[in-house]
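> Given next are the chains, with one letter for each unit.
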Amino acid sequence: GDSVTQMEGPVTLSEEAFLTINCTYTATGYPSLFWYVQYPGEGLQLLLKATKADDKGSNKGFEATYRKETTSFHLEKGSVQVSDSAVYFCALTNTNAGKSTFGDGTTLTVKP
Amino acid sequence: DVKVTQSSRYLVKRTGEKVFLECVQDMDHENMFWYRQDPGLGLRLIYFSYDVKMKEKGDIPEGYSVSREKKERFSLILESASTNQTSMYLCASRPTLTGYYGYTFGSGTRLTVV
Numbered sequence: 001g002d003s004v005t006q007m008e009g010p011v012t013l014s015e016e017a018f019l020t021i022n023c024t025y026t027a028t029g030y031p032s033l034f035w036y037v038q039y040p041g042e043g044l045q046l047l048l049k050a051t052k053a054d055d056k057g058s059n060k061g062f063e064a065t066y067r068k069e070t071t072s073f074h075l076e077k078g079s080v081q082v083s084d085s086a087v088y089f090c091a092l093t094n095t096n097a098g099k100s101t102f103g104d105g106t107t108l109t110v111k112p
Numbered sequence: 001d002v003k004v005t006q007s008s009r010y011l012v013k014r015t016g017e018k019v020f021l022e023c024v025q026d027m028d029h030e031n032m033f034w035y036r037q038d039p040g041l042g043l044r045l046i047y048f049s050y051d052v053k054m055k056e057k058g059d060i061p062e063g064y065s066v067s068r069e070k071k072e073r074f075s076l077i078l079e080s081a082s083t084n085q086t087s088m089y090l091c092a093s094r095p096t097l098t099g100y101y102g103y104t105f106g107s108g109t110r111l112t113v114v
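If you read the protein sequences in the order shown, they are chains A and B. Here the first sequence is numbered in the working numbering, starting from 1 and rising by one per residue. Here the second sequence is numbered in the working numbering, starting from 1 and rising by one per residue.
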């Protein structure tokens, strides 16, 4: 079946540092890929997505590129802020599969 | 923006009670989902619905049922609450089954069963 593997956390960075959170996936067919963010005490929010190979999703300074050859969708941000502290989830949805498959989440803490 | 509203942020119920968790979305989405989120276990799908009166079991349906009588509302029912159902419950919706769209989540209901 489909699966998503995220880099284990927690990740702690200083403000303005570069962020990478690794995500790799296993899926049949051509899934769409997503990053969600969850702030403390809240539900998940869609951060960005990519629906086909080589697509780059971007939002709020975050980027991720759909790499079919390496089955990866790593999340990056050039300069993190304290307000980026949250849990980040990588996910995939296969065409007409109904449900999404989520990674376990990576906790990011950014210190001033 | 699409909004998914869960009726309660926090609930405390007694063991054996019948519990209803309500979820309403306001953008005519066809698909709705119920997940539970537990530390170390990630998000686990309980049930989903792709249309009114239609439902599909997810990965952990035991001890739960669902109801979707209207397109905008998807209810999760704990038939007889147990302490191992203490968890954060997340409702989500999506326009269609097509994988192109991401989910819109509600803010979650933190349920404690005592």
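It is possible that some hints are incorrect.
Derived BS3-like pairs (lysine-lysine); straight-line CA-CA distance at most 27 Å [stated by the list, open to error]:
1) K3/B - K56/A
2) K3/B - K60/A
3) K13/B - K57/B
4) K55/B - K18/B
5) K71/B - K53/B
If the Cβ cut is set under 7 Å, some of the chain B residues that face chain A in the computed set are [to be verified]:
6) F20
7) P39
8) L45
9) V52
10) M54
11) G108
These aren't lab readings, by the way, just hints derived from the structure by calculation. Cβ coordinates follow ideal geometry from the N, Cα and C atoms, glycine included.
> Measure nothing beyond the straight line between the CA atoms of K71/B and K53/B; if it is 27 Å or shorter, mark the hint as holding.
9 Å, holds
> Is the interface hint satisfied for P39/B? The criterion is a beta-carbon contact with chain A at less than 7 Å.
10 Å, violated
> Straight-line Cα separation of K3/B and K60/A no greater than 27 Å?
The given pair, whose Cα atoms are some 20 Å apart, holds under the 27 Å limit.
> Given the hint that K13/B pairs with K57/B, does the C-alpha gap stay at or below 27 Å?
24 Å, holds
> Please verify that hint: M54/B, Cβ, nearest Cβ of chain A, below 7 Å or not.
11 Å, violated
> Less than 7 Å between beta-carbons is the criterion; does L45/B satisfy it with respect to chain A?
5 Å, holds
> Does K55/B pair with K18/B here, judged by a C-alpha cut-off of 27 Å?
20 Å, holds
> Are G108/B and chain A close enough, Cβ to Cβ, to be under 7 Å, as the hint says?
With a minimum Cβ separation of about 5 Å from chain A (threshold 7 Å), the hint on G108/B holds.
> Taking 27 Å as the top limit, are the C-alpha atoms of K3/B and K56/A close enough?
Roughly 26 Å separates the two Cα atoms, so the pair holds.
> For the hint on V52/B, just tell me whether its beta-carbon gets within less than 7 Å of chain A.
16 Å, violated
> Holds or violated: is the Cβ of F20/B closer than 7 Å to a Cβ in chain A?
It is violated, given that the least Cβ distance between F20/B and chain A is near 19 Å, above 7 Å.
Taken one by one, the earlier hints fail for this structure at numbers 6, 7, 9 and 10, listed in ascending order.
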